[in-house]
Amino acid sequence: MQIQHILVVCVGNICRSPMAEYFLKQSYPHLQIESAGIAGLSGQPADDKAQLCMQRHGISLHSHVAKKLNAEQIKKADLILVMSKNQQKHLEQSWPFAKGKVFRLGHWQNCNVPDPYQQGQQIFDETCELIQRCIADWNNYI
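For the sequence shown, the residue numbers in our numbering are -5 to 136.
Derived from the structure by calculation, the hints contain no laboratory data. Some hints could be false.
Computed cross-link-like contacts, DSS-like style, restricted to lysine-lysine with a CA-CA straight-line distance of at most 25 Å [as the list claims (entries may be wrong)]:
(1) K62 / K83
(2) K79 / K62
(3) K69 / K83
(4) K61 / K19
For each label pair, taking beta carbons as the anchor points, the in silico distance ranges come out as [unchecked claim]:
(5) G94 / S21: 19 to 29 Å
(6) Q(-4) / D42: 30 to 40 Å
(7) H56 / G94: 32 to 42 Å
A virtual CB, placed ideally from N, CA and C, is assigned to each residue, including glycine.
Please put together the full structure from these sequences, using the hints given.
Here you go:
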(Lines of atoms letter the chains of each structure in order from A and count residues from 1; the text may use other names and numbers.)
(Lines give C-alpha, C1' and ligand atoms only; values in the text may rest on other atoms or scores of the structure.)
Protein backbone atom coordinates (compact mmCIF):
# COMPACT_ATOMS: atom_id res chain seq x y z
CA MET A 1 0.00 0.00 0.00
CA GLN A 2 1.23 3.48 -0.87
CA ILE A 3 1.54 5.67 2.21
CA GLN A 4 0.29 9.23 1.65
CA HIS A 5 -0.80 10.32 5.10
CA ILE A 6 1.02 9.70 8.39
CA LEU A 7 -0.40 10.49 11.82
CA VAL A 8 1.96 10.62 14.83
CA VAL A 9 0.37 10.21 18.26
CA CYS A 10 1.56 10.72 21.84
CA VAL A 11 -0.24 11.82 25.01
CA GLY A 12 -0.24 15.63 25.06
CA ASN A 13 0.96 16.46 21.51
CA ILE A 14 3.53 18.94 22.85
CA CYS A 15 6.73 16.83 23.14
CA ARG A 16 7.25 13.55 21.28
CA SER A 17 4.69 13.61 18.48
CA PRO A 18 5.55 17.15 17.29
CA MET A 19 9.26 16.27 17.20
CA ALA A 20 8.53 13.11 15.20
CA GLU A 21 6.05 14.98 12.95
CA TYR A 22 8.58 17.65 12.00
CA PHE A 23 11.43 15.15 11.44
CA LEU A 24 9.09 13.16 9.17
CA LYS A 25 8.06 16.33 7.31
CA GLN A 26 11.75 17.05 6.71
CA SER A 27 12.37 13.51 5.39
CA TYR A 28 9.11 13.21 3.41
CA PRO A 29 8.05 16.68 2.23
CA HIS A 30 5.71 15.10 -0.36
CA LEU A 31 3.59 13.31 2.27
CA GLN A 32 0.81 14.64 4.46
CA ILE A 33 2.02 14.36 8.06
CA GLU A 34 0.28 15.52 11.21
CA SER A 35 0.31 14.78 14.91
CA ALA A 36 -2.20 14.63 17.75
CA GLY A 37 -2.44 13.64 21.39
CA ILE A 38 -4.64 11.04 23.06
CA ALA A 39 -5.19 13.63 25.80
CA GLY A 40 -4.09 16.47 23.55
CA LEU A 41 -3.44 19.79 25.27
CA SER A 42 -5.46 21.54 22.55
CA GLY A 43 -4.14 24.94 21.55
CA GLN A 44 -0.84 24.62 23.45
CA PRO A 45 2.49 25.28 21.71
CA ALA A 46 5.24 22.64 21.66
CA ASP A 47 7.15 22.28 24.94
CA ASP A 48 10.07 24.76 25.20
CA LYS A 49 12.57 21.91 25.66
CA ALA A 50 11.24 20.11 22.57
CA GLN A 51 11.54 23.38 20.64
CA LEU A 52 15.17 23.71 21.75
CA CYS A 53 15.98 20.13 20.64
CA MET A 54 14.53 20.79 17.21
CA GLN A 55 16.24 24.20 16.85
CA ARG A 56 19.55 22.37 17.21
CA HIS A 57 18.52 20.37 14.13
CA GLY A 58 17.54 23.51 12.25
CA ILE A 59 13.81 22.81 12.59
CA SER A 60 11.32 25.26 14.09
CA LEU A 61 8.32 24.02 16.09
CA HIS A 62 6.97 27.57 16.54
CA SER A 63 3.97 26.94 14.30
CA HIS A 64 2.94 23.75 16.16
CA VAL A 65 -0.40 23.85 17.97
CA ALA A 66 -1.43 20.79 20.00
CA LYS A 67 -4.51 18.88 18.87
CA LYS A 68 -6.59 16.17 20.51
CA LEU A 69 -6.81 12.91 18.59
CA ASN A 70 -10.12 12.21 16.83
CA ALA A 71 -11.68 9.52 14.65
CA GLU A 72 -11.44 11.67 11.51
CA GLN A 73 -7.65 11.85 11.77
CA ILE A 74 -7.43 8.10 12.29
CA LYS A 75 -9.64 7.41 9.25
CA LYS A 76 -7.53 9.67 7.00
CA ALA A 77 -4.17 8.20 8.05
CA ASP A 78 -2.50 5.36 6.13
CA LEU A 79 0.05 4.87 8.92
CA ILE A 80 -0.33 5.81 12.59
CA LEU A 81 2.83 5.96 14.69
CA VAL A 82 2.44 5.84 18.48
CA MET A 83 5.05 6.01 21.23
CA SER A 84 4.21 2.88 23.27
CA LYS A 85 2.46 -0.50 23.26
CA ASN A 86 -0.14 0.92 25.66
CA GLN A 87 -0.98 3.71 23.20
CA GLN A 88 -1.25 1.19 20.37
CA LYS A 89 -3.65 -0.94 22.44
CA HIS A 90 -5.66 2.15 23.44
CA LEU A 91 -6.11 3.27 19.82
CA GLU A 92 -7.04 -0.20 18.59
CA GLN A 93 -9.60 -0.60 21.40
CA SER A 94 -11.07 2.90 21.04
CA TRP A 95 -11.11 2.82 17.24
CA PRO A 96 -11.17 -0.83 16.07
CA PHE A 97 -10.99 0.29 12.41
CA ALA A 98 -7.46 1.53 13.14
CA LYS A 99 -6.13 -2.03 13.59
CA GLY A 100 -3.43 -2.90 11.10
CA LYS A 101 -2.22 0.65 10.59
CA VAL A 102 -1.12 1.50 14.15
CA PHE A 103 2.55 0.84 14.93
CA ARG A 104 5.00 2.01 17.53
CA LEU A 105 7.48 4.56 16.21
CA GLY A 106 10.10 2.23 17.72
CA HIS A 107 8.57 -0.87 16.07
CA TRP A 108 11.78 -1.92 14.28
CA GLN A 109 13.86 -1.52 17.46
CA ASN A 110 11.13 -3.09 19.59
CA CYS A 111 11.15 -0.08 21.92
CA ASN A 112 8.83 2.52 23.36
CA VAL A 113 9.69 6.22 23.23
CA PRO A 114 9.46 7.34 26.89
CA ASP A 115 7.67 10.59 27.68
CA PRO A 116 10.14 13.40 28.52
CA TYR A 117 7.35 15.72 29.77
CA GLN A 118 8.46 17.76 32.82
CA GLN A 119 11.96 16.20 32.70
CA GLY A 120 15.27 17.96 32.16
CA GLN A 121 16.73 19.10 28.83
CA GLN A 122 19.07 16.08 28.72
CA ILE A 123 16.09 13.68 28.78
CA PHE A 124 14.48 15.69 25.94
CA ASP A 125 17.74 15.50 23.97
CA GLU A 126 17.89 11.71 24.45
CA THR A 127 14.24 11.39 23.42
CA CYS A 128 14.91 13.51 20.34
CA GLU A 129 17.85 11.25 19.35
CA LEU A 130 15.73 8.13 19.87
CA ILE A 131 12.93 9.58 17.72
CA GLN A 132 15.43 10.28 14.93
CA ARG A 133 16.82 6.73 15.08
CA CYS A 134 13.31 5.25 15.05
CA ILE A 135 12.27 7.38 12.05
CA ALA A 136 15.39 6.30 10.14
CA ASP A 137 14.26 2.67 10.60
CA TRP A 138 11.01 3.43 8.76
CA ASN A 139 12.81 4.64 5.63
CA ASN A 140 12.50 1.26 3.91
CA TYR A 141 8.76 1.13 4.54
CA ILE A 142 7.49 4.65 3.80
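Problem set entry | Pairwise hint evaluation, K83 against K69, where the allowed Cα distance is 25 Å at most | Holds, at about 17 Å.
For this session: Look at the Cβ atoms of G94 and S21 and judge whether their distance stays inside 19 to 29 Å.
Result: holds, 23 Å
Exercise. Okay, H56 versus G94 on CB: inside 32 to 42 Å?
Worked result: Since the Cβ atoms of H56 and G94 sit about 35 Å apart, the hinted range of 32 to 42 Å holds.
Exercise. Is the hinted pair K61 and K19 satisfied, with a Cα-Cα distance of at most 25 Å?
Worked result: Holds, at about 17 Å.
Problem set entry | Hinted pair K62 and K83, Cα distance within 25 Å | holds, 17 Å
Exercise. So the hint says 30 to 40 Å: do the beta-carbon atoms of Q(-4) and D42 match that?
Worked result: Since the Cβ atoms of Q(-4) and D42 sit about 37 Å apart, the hinted range of 30 to 40 Å holds.
Exercise. Can the restraint linking K79 and K62 be considered satisfied, given a maximum Cα separation of 25 Å?
Worked result: The hint holds at about 19 Å.
No hint from the list above goes unmet by this structure.
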